[in-house]
Amino acid sequence: MTQISQPDQQFIKVSIWRGAGDKGGYETFDVPDQESQTILDLVSYIQQYIDPSLTYRFACRVGMCGSCAMMVNGVPRWTCRTHVKKITDKAGSLTIAPLRNLPVIKDLVVDMDVFFDKWVRAEAVHHPTCSIEQGVQPVSEDTAERQAANAAIECINCAVCYAACDVVASNPEYLGPAALNRAWSLVNDVRDGGREAILEAVSGTGGCHNCHSQQSCQKYCPNELNPTASIAGLKRETSKFALRNLLNPAKKHNQGEPA
Amino acid sequence: MINARLYIMQRLTALIMAPLVIGHIGVMIYAVQNGLSAAEILGRTQGSYFWAIFYGTFALAVAIHAAIGLRAILHEWVRLDGMVLNLVCWAIAAGLAGLGLQAVYSVTG
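As you go down the protein sequences, you meet chains A and B in turn.
For the first sequence, my numbering begins at 11 and goes up steadily by one.
For the second sequence, my numbering begins at 220 and goes up steadily by one.
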């Protein structure tokens, strides 16, 4: 990126949230309007040429790492893959803020601990079924369970869905769409041995049953995943699991149940 | 704030209410054909075990269903939590069940 100083240069007014914790306000910058510019390019320009104290987070710049999500004109987006031209209003202005539903560390950087802690609380972690000596368990791509797992698996942990979710905003205990989406992909994965632990973990007070199916998660997911559908799947499986346990408490339901 | 047990209870009570609502509306349409009067309604319901069980089940299902639904709203919008939330929801369930069963008793007793 190069600094622009041509006399006929057009500028975009960019309002950026500055502050730490709950305290702060918007500061406006004039950033040169360039061809094929992304939101992340605007933020980087400000940090490199106008105010080096601006704090933000990014890594890969190509939509793989999930680090650069921010609220852009009130909507959560991955900023490295969002072109300015697609979202500026007619006045050519932009408002960029830290992700909703997460505590702000400074400026555009949020504390992701809460988000990832909820993945662990949802048991959305790998539960191995084979040791290293036993090799890799074969996976059949044809089964309905594998297709359900594949449909949910491309999450990059960007927290866009978490920021978009109104249930997270009003019920801080709620595990959120990303953690539950990963839990659903693991429930359907033959290589994961934690089906029962996952179903129990997502059945508690902050679990999948709190979702109101408003579908903001799937509307804003940059990878076009559908966490609402994953959560609906978890609601079905947890209900079957709870009813089976109620009718036959002695029997353990663990592996091999179709989703 | 809604766990699996409450979720299942709310769905099961919805399953119970669905045919009862249809039965209730069907009887209403039938009952108004010859004009609607208290005497005509009481003539059909008083002393009837069928209508006592029909509307008694309805009142209990409503009490459970509505209390669970209001629990989510009270937590998300009024920020009630813990023991206070439990007590308020039990009070709502008990109040709805009490009022409903009293009304059922009044027309079928």
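These are calculated hints, taken from the structure and not from any lab test.
C-beta: ideal position from N, C-alpha, C; glycine also.
Errors might be hidden in some of the hints.
Said to hold, decoys possible - Partial selection, computed: residues in chain B whose CB lies under 7 Å from chain A: (1) Ile-221; (2) Tyr-226; (3) Gln-229; (4) Leu-231; (5) Ala-233; (6) Ile-292; (7) Glu-295.
Taking the hints in turn, this is what the structure says about them:
1. Ile-221: Cβ of Ile-221/B sits 5 Å from chain A, so the hint holds.
2. Tyr-226: This hint holds: Tyr-226/B lies near chain A, its Cβ roughly 4 Å from the closest one there, short of 7 Å.
3. Gln-229: violated (9 Å)
4. Leu-231: violated (10 Å)
5. Ala-233: With Cβ-Cβ at 13 Å, over 7 Å, it is violated.
6. Ile-292: violated (10 Å)
7. Glu-295: Cβ of Glu-295/B sits 4 Å from chain A, so the hint holds.
Hint compliance for this structure: hints 3, 4, 5 and 6 are broken, all remaining hints hold.
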